[in-house]
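Enquirer: Make a model of the complete structure from these sequences and hints.
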Amino acid sequence: MNVRSVLVVARQVVNEAGRRRLLLALVLLTVVVIALTVWGVSRVDDLRNAGQPLSDAQKKTIVSQLLILVMFMFSWVLSLAAVFVASPAISGELESGIALAVLARPIARAEYVLGKWLGLIALVVAYGVAAAVIELVAVQTVSGYQPPHPFEFLGFVVGEGIVILTFSLMLSTRVAGMVGGVIAAILFGIAWMGGIVGGVGAAFNNATITHVGTATKLILPTDGLWRGAVWSLEPSIVIAAQQQAGPAVAANPFFAAEAPPAAYVIWAVAWIAAMLALAIWSFRSREI
Amino acid sequence: MAIANGAIRLEHVTKRYAKVVALDDLSLSVEHGVFGFLGPNGAGKTTAVKILLGLTRPTSGSGSLAGAAFGSKASLGRIGYLPELFRYQSWLTAREVLALHCELAAIPGARWPSEIDRILATVGLADRGTSRVGTFSKGMQQRLGLGVALLDDPAVVLLDEPTSALDPVGRHDVREIIRGLREKGTVVFLNSHLLSEVEQVCDAVAIVDRGKVVAQGDLAKLLGTSSLRVRATGISREARAAMARFGELDDGADGAIVIKGIDRERIPELVGAVVASGARVYAVEPQHESLEERFLSLLGQ
Numbered sequence: 001m002n003v004r005s006v007l008v009v010a011r012q013v014v015n016e017a018g019r020r021r022l023l024l025a026l027v028l029l030t031v032v033v034i035a036l037t038v039w040g041v042s043r044v045d046d047l048r049n050a051g052q053p054l055s056d057a058q059k060k061t062i063v064s065q066l067l068i069l070v071m072f073m074f075s076w077v078l079s080l081a082a083v084f085v086a087s088p089a090i091s092g093e094l095e096s097g098i099a100l101a102v103l104a105r106p107i108a109r110a111e112y113v114l115g116k117w118l119g120l121i122a123l124v125v126a127y128g129v130a131a132a133v134i135e136l137v138a139v140q141t142v143s144g145y146q147p148p149h150p151f152e153f154l155g156f157v158v159g160e161g162i163v164i165l166t167f168s169l170m171l172s173t174r175v176a177g178m179v180g181g182v183i184a185a186i187l188f189g190i191a192w193m194g195g196i197v198g199g200v201g202a203a204f205n206n207a208t209i210t211h212v213g214t215a216t217k218l219i220l221p222t223d224g225l226w227r228g229a230v231w232s233l234e235p236s237i238v239i240a241a242q243q244q245a246g247p248a249v250a251a252n253p254f255f256a257a258e259a260p261p262a263a264y265v266i267w268a269v270a271w272i273a274a275m276l277a278l279a280i281w282s283f284r285s286r287e288i
Numbered sequence: 289m290a291i292a293n294g295a296i297r298l299e300h301v302t303k304r305y306a307k308v309v310a311l312d313d314l315s316l317s318v319e320h321g322v323f324g325f326l327g328p329n330g331a332g333k334t335t336a337v338k339i340l341l342g343l344t345r346p347t348s349g350s351g352s353l354a355g356a357a358f359g360s361k362a363s364l365g366r367i368g369y370l371p372e373l374f375r376y377q378s379w380l381t382a383r384e385v386l387a388l389h390c391e392l393a394a395i396p397g398a399r400w401p402s403e404i405d406r407i408l409a410t411v412g413l414a415d416r417g418t419s420r421v422g423t424f425s426k427g428m429q430q431r432l433g434l435g436v437a438l439l440d441d442p443a444v445v446l447l448d449e450p451t452s453a454l455d456p457v458g459r460h461d462v463r464e465i466i467r468g469l470r471e472k473g474t475v476v477f478l479n480s481h482l483l484s485e486v487e488q489v490c491d492a493v494a495i496v497d498r499g500k501v502v503a504q505g506d507l508a509k510l511l512g513t514s515s516l517r518v519r520a521t522g523i524s525r526e527a528r529a530a531m532a533r534f535g536e537l538d539d540g541a542d543g544a545i546v547i548k549g550i551d552r553e554r555i556p557e558l559v560g561a562v563v564a565s566g567a568r569v570y571a572v573e574p575q576h577e578s579l580e581e582r583f584l585s586l587l588g589q
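The listed protein sequences derive, respectively, from chains A and B. Residue 1 is where the first sequence starts when you use the numbering used here, and the numbers rise one by one after that. Residue 289 is where the second sequence starts when you use the numbering used here, and the numbers rise one by one after that.
Take the hints with a grain of salt, since some may be wrong.
Here are a few chain B residues that face chain A, going by a calculated C-beta distance under 10 Å [as the list claims (entries may be wrong)]:
(1) Val308
(2) Trp400
(3) Ser402
Derived Cβ-Cβ restraints for the label pairs, each shown as a range [as the list claims (entries may be wrong)]:
(4) B:Arg406 to A:Gly189: 23 to 33 Å
(5) A:Ala274 to B:His460: 47 to 57 Å
(6) B:Arg406 to A:Asn15: 45 to 55 Å
(7) A:Gly189 to B:His300: 47 to 57 Å
(8) A:Asn15 to B:Tyr305: 29 to 39 Å
(9) B:Gly397 to A:Ala130: 27 to 37 Å
(10) B:Arg345 to A:Ala274: 18 to 28 Å
(11) A:Ala126 to B:Tyr305: 49 to 59 Å
(12) A:Gly18 to B:Ser402: 46 to 56 Å
(13) A:Arg284 to B:Ser348: 14 to 24 Å
(14) A:Gly97 to B:Arg498: 35 to 45 Å
(15) B:Ser484 to A:Val125: 48 to 58 Å
Note that these hints are calculated values from the structure, not bench results. Idealized CB from N, CA, C, for every residue including glycine.
Expert: Set out below in structure tokens:
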């Protein structure tokens with residue numbers, strides 16, 4: 001394994017995103033979203049309940065829920081952007097012919113795939129962390145609300161992006177970008193629905209439906225990590241309210257009663273490693 | 289420069305895609321000079337090059353490129369390649385594309401600027417080095433691709449239809465570049481369906497059709513078969529029979545008789561026989577078969 005070759009390919013991925021103005025588009029749109037959120041959060045102080053100002057606990061609950069909704073949108077943008085960028089990352093270069101000249105250099109297929117993966121991860125981490133940190137700091141500055149587990153939140157959201165990115169890159173070793181993108185986006189949606197279905201199963205104590213939800217969380221661990229991100233943003237009063245409501249709220253994709261167990265996080269990391277290995281194997285055995 | 293185990297070696301290479309046979313028991317050996325791999329579209333030329341580079345695996349057979357296994361780093365580190373489908377990163381400048389390939393080829397960083405300058409001058413892009421590839425015409429992209437293939441003086445250069453997007457000036461330039469490579473001792477493998485291109489620069493050729501080599505050897509030998517046009521009147525049946533002993537007869541459009549494959553040393557003997565039969569001979573014109581005629585006759589077999 002030649003680390004230098006891996007880094008050359010990774011740098012090209014980042015370079016391309018910069019030169020094609022993908023990063024610029026993301027930054028501009030993100031600034032708009034953050035500005036809107038800050039404005040929205042700043043208006044919470046003006047809310048009245050029967051003519052009376054809201055209590056601090058009520059404000060905290062509203063701000064935390066607003067933050068979860070905005071971050072939900074961010075996580076979708078991050079994940080779908082990862083799908084759009086990763087799905088054609090290899091297949092697009094094969095179709096255009098760019099890969100022919102590169103792969104005729106002394107670079108192993110595994111180095112090429114790893115380089116693409118690292119470059120894409122750099123993009124997802126940079127965008128995910130920057131956007132989330134700015135949003136969290138902006139909300140805290142305006143409302144004084146700080147979520148209880150901001151670092152865990154970053155880990156879960158970026159992890160979700162890396163899962164779908166790795167899956168899309170694996171598809172990119174075999175199918176056209178358009179096809180891989182559609183497959184990854186649909187499965188991402190199914191995994192999200194699977195989380196809700198599993199919650200419905202838990203709410204109505206139906207083992208079969210609960211198992212369907214658990215299976216989707218294991219097959220594509222995006223929604224499972226998203227639940228971790230939600231938990232990281234919830235203040236203790238929200239968690240206490242949920243626990244009182246019992247399993248009935250488990251189906252709500254914007255609530256999480258507890259953090260995913262460590263075993264699940266380990267599973268997600270192992271899943272990413274296995275998917276990357278599959279991508280390398282798939283590309284090595286591919287005829288160009 | 290001589291390469292141990294030969295520059296290019298293909299031994300009984302067969303490649304099947306489902307029911308299609310792209311290459312059928314192909315054997316080739318190139319040691320030096322400019323080798324033309326000639327065939328119509330779909331003959332298997334690009335498949336052969338992709339197998340040499342390890343981009344595609346042969347169904348059966350073996351061989352080597354630049355003295356090492358197909359697709360090995362040892363082999364790919366000593367070659368240059370211009371693909372038939374040439375596309376380079378549109379978001380980079382020509383210099384950046386060349387720098388990327390310098391890096392992939394592990395050329396020491398201190399040498400990049402001079403090497404890139406030399407290459408840009410060689411392929412006629414010296415004044416466009418800082419332009420984005422996305423602004424290049426197809427011909428300019430093909431010139432850049434040729435430059436990428438020539439970086440760091442590789443021992444073997446594989447060119448797949450290198451002039452397909454070029455104008456006559458560009459084609460002339462490429463021929464000059466290929467001649468320059470031959471003088472340096474670089475082995476050039478030229479895939480082409482353009483006979484004039486091959487005829488002008490190649491030392492040896494293989495003609496391939498439907499995955500099979502139908503003729504192979506020195507260009508001079510391959511074209512060595514000569515024919516003779518005889519214009520005469522009063523040719524009797526006996527005279528034709530006498531002429532047919534020297535080669536295959538064909539009637540020319542202007543009433544002349546063409547004797548194909550005649551040995552040049554026997555031309556006076558043939559003329560004597562025709563005259564002796566009572567015919568009146570007006571002209572005897574030795575002719576060389578062009579590569580195009582040879583190509584068409586081979587593909588027609």
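Enquirer: For each hint, tell me whether it holds in the structure or not.
Expert: Each hint, compared with the structure:
Below 10 Å, beta-carbon pairs count as interface contacts, and valine 308 of chain B has none with chain A, the closest being about 13 Å; its hint is therefore violated. Restraint check, tryptophan 400 of chain B versus chain A: the minimum CB separation of about 13 Å is more than 10 Å; hint violated. A cut of 10 Å between beta carbons decides the hint on serine 402 of chain B: the least distance to chain A is about 20 Å, and the hint is violated. About 53 Å separates the C-beta atoms of arginine 406 of chain B and glycine 189 of chain A, a value inconsistent with the hinted range of 23 to 33 Å.
Between alanine 274 of chain A and histidine 460 of chain B the beta carbon distance is about 55 Å. The supplied range of 47 to 57 Å therefore holds. For the pair arginine 406 of chain B and asparagine 15 of chain A, the supplied restraint of 45 to 55 Å is violated, since their beta-carbon distance comes to about 25 Å. Roughly 51 Å separates the CB atoms of glycine 189 of chain A and histidine 300 of chain B, a value that falls within the hinted 47 to 57 Å. Between asparagine 15 of chain A and tyrosine 305 of chain B the beta carbon distance is about 35 Å. The supplied range of 29 to 39 Å therefore holds.
Roughly 31 Å separates the CB atoms of glycine 397 of chain B and alanine 130 of chain A, a value that falls within the hinted 27 to 37 Å. The hint said 18 to 28 Å for the Cβ distance between arginine 345 of chain B and alanine 274 of chain A, and at roughly 25 Å that hint holds. Judged by the Cβ atoms, the range 49 to 59 Å given for alanine 126 of chain A and tyrosine 305 of chain B is violated: they are separated by roughly 42 Å. Take glycine 18 of chain A and serine 402 of chain B: their Cβ atoms lie about 28 Å apart, and the range 46 to 56 Å is violated.
Range check, arginine 284 of chain A to serine 348 of chain B: Cβ separation about 20 Å, and the 14 to 24 Å hint holds. In this structure the supplied range 35 to 45 Å is violated for glycine 97 of chain A paired with arginine 498 of chain B, their Cβ-Cβ distance being about 25 Å. With their beta carbons about 55 Å apart, serine 484 of chain B and valine 125 of chain A fall inside the hinted range of 48 to 58 Å.
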